[in-house]
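A.B. asks: Each chain is listed here by its residues.
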Amino acid sequence: RKEVEQDPGPFNVPEGATVAFNCTYSNSASQSFFWYRQDCRKEPKLLMSVYSSGNEDGRFTAQLNRASQYISLLIRDSKLSDSATYLCVVNNMDSNYQLIWGAGTKLIIKP
Amino acid sequence: EAEVAQSPRYKITEKSQAVAFWCDPISGHATLYWYRQILGQGPELLVQFQDESVVDDSQLPKDRFSAERLKGVDSTLKIQPAELGDSAMYLCASNAWGTGAYEQYFGPGTRLTVT
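Protein chains in written order, with the numbering used here: chain A, 1 to 111; chain B, 1001 to 1115.
The hints are simulated quantities; they were obtained by calculation from the structure and are not laboratory data.
Careful, some of the hints might be misleading.
Unchecked claim - Some chain A residues close to chain B (C-beta under 10 Å, calculated; not the full set): (1) E43; (2) K79; (3) G104.
Stated by the list, open to error - Residues from chain A that keep clear of chain B, each with C-beta distances beyond 10 Å, as calculated: (4) V4; (5) F21; (6) S32; (7) P44; (8) S49; (9) E56; (10) R59; (11) Y70; (12) L80; (13) N91; (14) Q98; (15) G102.
Computed from a predicted model, the values in this text were never measured in an experiment.
Ideal Cβ positions, reconstructed from N, Cα and C, are used throughout, including at glycine.
If we strip away everything but chain B, and leave its shape as in the complex, we get (with noise of 0.2 Å):
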């Protein structure tokens, strides 16, 4: 069964150092989408893309955080400086876009720590 990919899993950072994460959708997915989840809450959009372009980041930090997906296919998003409230679990998900399907799977997430 294809599976969306993340890495690395957990990661402890201090605090106004820099954190990258990866994220590798299921193929042919053209939709990938960036979430961060807090404890009790549901998971929050930070950034859609459509193939490479973004296509929604509008609850995207943008003062320190950044995503990309040059070729459309992998993508990153980096946090820089990090800041102690940015401690939560960094979701990716991808969707067939044009399918008419709404359904997104997720990766395994990577959970960060800002000491």
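Chain A with its partners taken away, still in its complex shape (with noise of 0.2 Å):
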């Protein structure tokens, strides 16, 4: 079983629409999480840090649910420009600050 798992989709979804994707870890000891997005060909960008209680930017939610293991991304009143890969990522509780990726989710916004 890897580590953080993700679907790879892609999700297809009309503009406007809500769309929501999940990620599972195994590691029930991790203690930060993220989303990055990451577009065709260019590196990742950091999207949100994951907090115990939820967090929300704009359009994006995150949450967490540790009893679960799974972190997951809401993202309302989707754009074009918010096609792209999400990759979950989690902290390795080995330490040595490194962090564990998941393979990503595609996301396609269609007009």
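Bring the two chains, given one by one in their own frames, into a single complex with the hints.
C.D. replies: Right under this line is the structure:
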């Protein structure tokens, strides 16, 4: 089993719709969680850090469910520019400030 | 906004040749990472530096790959000789060690094509 698992998609979503995807992680001791966004042939960029209470940044909401070991990302009122791959990331509890990366979920927003 | 710099952005080389990539992290970031990313996969850590010291190079193919960060600032990743399977995006990231923050910030990457 992979340490961080994501549905690879693609999720094809009409513009203006709400879309959500989950990511599961295997190490119950993980404490830091992130969503990164990666455009085609570009570098990953930090989208959101995920806090235990959940957090919201404009149209984006991230939530953490420690009991079930998953984090979610919700995008409301999706825009064409939201088309990208969304990478789920958790910290490596062996420390050394390493991160464990999911393979990403591809999102395509259609006009 | 501070950025991680990488060069070159693109590199095409023939197999068995040597290639080198350069990275300059965000100023003040003590931790530097080199990743390799194959299309459709997440980044794979190759080597991690804390200042000038290697923290983890367990996934670095040491028969052909080498990395250094001599003065604890910028870093170079080298492949010699390059193989067809090395074609990938090579990403450099940095992090502010000791702050308790795990976020990593990436440079634009070097896309390597080995022919």
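A.B. asks: Each hint needs a verdict: does it hold in this structure or not?
C.D. replies: Do the hints match the structure? See the list:
1. E43: 4 Å, holds
2. K79: It is violated, given that the least Cβ distance between K79 of chain A and chain B is near 22 Å, above 10 Å.
3. G104: This interface hint holds because 6 Å falls under the 10 Å limit.
4. V4: 8 Å, violated
5. F21: 15 Å, holds
6. S32: 4 Å, violated
7. P44: Check fails; 5 Å does not lie beyond 10 Å.
8. S49: At roughly 7 Å from the nearest Cβ of chain B, S49 of chain A sits no farther out than 10 Å, so the non-interface label is violated.
9. E56: 18 Å, holds
10. R59: It holds; R59 of chain A is separated from chain B by about 21 Å at its closest Cβ, greater than 10 Å.
11. Y70: The claim holds: Y70 of chain A sits with its nearest Cβ about 17 Å from chain B, beyond 10 Å.
12. L80: Answer for L80 of chain A: holds, closest chain B Cβ roughly 22 Å.
13. N91: For N91 of chain A, whose nearest Cβ neighbour in chain B is about 5 Å away, the distance does not exceed 10 Å, so it is violated.
14. Q98: 6 Å, violated
15. G102: Nearest chain B Cβ is 6 Å from G102 of chain A, so the label is violated.
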